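Engineer: Start counting the sequence shown at 235; every next residue gets the next number (our numbering).
Calculated directly from the structure, the hints in this document are not laboratory data. Errors might be hidden in some of the hints.
Pair by pair, the computed Cβ-Cβ distance ranges are [what the hints assert, rightly or not]: (1) 283 to 429: 44 to 50 Å; (2) 283 to 469: 54 to 60 Å; (3) 305 to 337: 39 to 45 Å; (4) 337 to 383: 21 to 27 Å; (5) 515 to 540: 14 to 20 Å.
Nothing here was measured: the structure is a model prediction, and the numbers come from that model. Ideal Cβ placement from N, Cα and C applies to all residues, glycine included.
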Amino acid sequence: MDFGGVKVPEAWAEAAHAVPRERFIPAVALVGALPDDPASWIDRDLDPAGWLRAVYSDVAIGVQLNDGALDIKDKPGDPFAVATSSCSAPSLVFAMLELLAPAKGDVVLEIGTGTGWTAGLLASLLGENGVVSVEIDPAIAAQARANLQSVGLMPSVIVGDGALGHPERAPYDRVHVTCGVTRIPYEWVGQSKAGGVIVLPWTPGWQTGHIVRLTVNDGIATGRFHGPSGFMPLRSQRPPEDPISGEPRESVSTLDPHDLASAPEGLSLAVAGLLPDVRGHAVTNADGTLRVAARQGDSHALAIFPGDASRAEVVQRGPRDLWDELEAAVHQWNAWNRPTPDRFGLTVTPEGQHVWLD
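Just need the whole structure built from these sequences, with the hints factored in.
Structural biologist: Below you can see the structure in the form of structure tokens.
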């Protein structure tokens, strides 16, 4: 079996056949990122072949909009609509399951049930008693249970805040996280067995997210990064939209715009480690203009590189000079000889978390 050319790993092939993805996708769903684009929608009744083709492609499929405030069946053409629950792209699903590497007899805590597909894959391998999946949205949890029952599986699906884990069944051999996490809840570490493994999408806020595999020993979880990722955030960690305040401060930047536009993963990790509370992104417009924004609380910075220009006009507001801090982080990455992501790791303790460089 494959998904748009993505081959299912041998260890998961039997589970993928027993738990077909199509049983976990509603008749109307969102494939593209823009709900106001008709091409983003799939509809099993109107185009069953197109629907099935999308289901077995390597794409994430949105199944809920705006926490359920908009009915996805209506295909709302609202430019402010955003997917708030999805079935993750198969390449990411199986990459993370391979890193998780559960064995028969293990008990897995899953954070974020979503459609239930990954819980089903895990339950097919480990048995129903080997999976506890926590979902914050009651409607999503109910649909996931129905989806799982349609393939003859009934693992525990608990309605609750995944950030708290599920202490009633702890300790766990594995923790599998299907939502983006900025601050890793220590509860997941505390509810893991010695030698337990946690696999999660770490989304510090700067550019891209990163898959990390942590091993737990003596109450500390530590491990390395395993490639980029993109996941919806844990609901309790959605970033606030604080108002921008303060008089503008103008300056000029000579940072290499190509580094900022392409966002090498090593640079993203360096910035995330040095500026753990700063969010930011870079966007290149159709005319070649590169816009880089950074914000934290009520501080904000915007740099605009016109076309192929090597200099940017910068405007900063708020109590922090975020662009100056970003420049210092980029210069530090260069001083370290531009380390690649395999050089970085993450450690979580009761006191917090930190990125390290070997």
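Engineer: If a hint holds in the structure, say so; if it doesn't, say that too.
Structural biologist: Each hint, compared with the structure:
1. A beta carbon spacing of about 47 Å between residue 283 and residue 429 agrees with the range 44 to 50 Å that was offered as a hint.
2. With their beta carbons about 35 Å apart, residue 283 and residue 469 fall outside the hinted range of 54 to 60 Å.
3. Range check, residue 305 to residue 337: about 42 Å between beta-carbon atoms, so the 39 to 45 Å window is met.
4. Between residue 337 and residue 383 the Cβ separation comes to about 26 Å, which falls inside the hinted range of 21 to 27 Å.
5. Between residue 515 and residue 540 the CB atoms are about 18 Å apart, so this pair conforms to the stated range of 14 to 20 Å.
The earlier numbered hint that this structure contradicts is number 2, and it is the only one.
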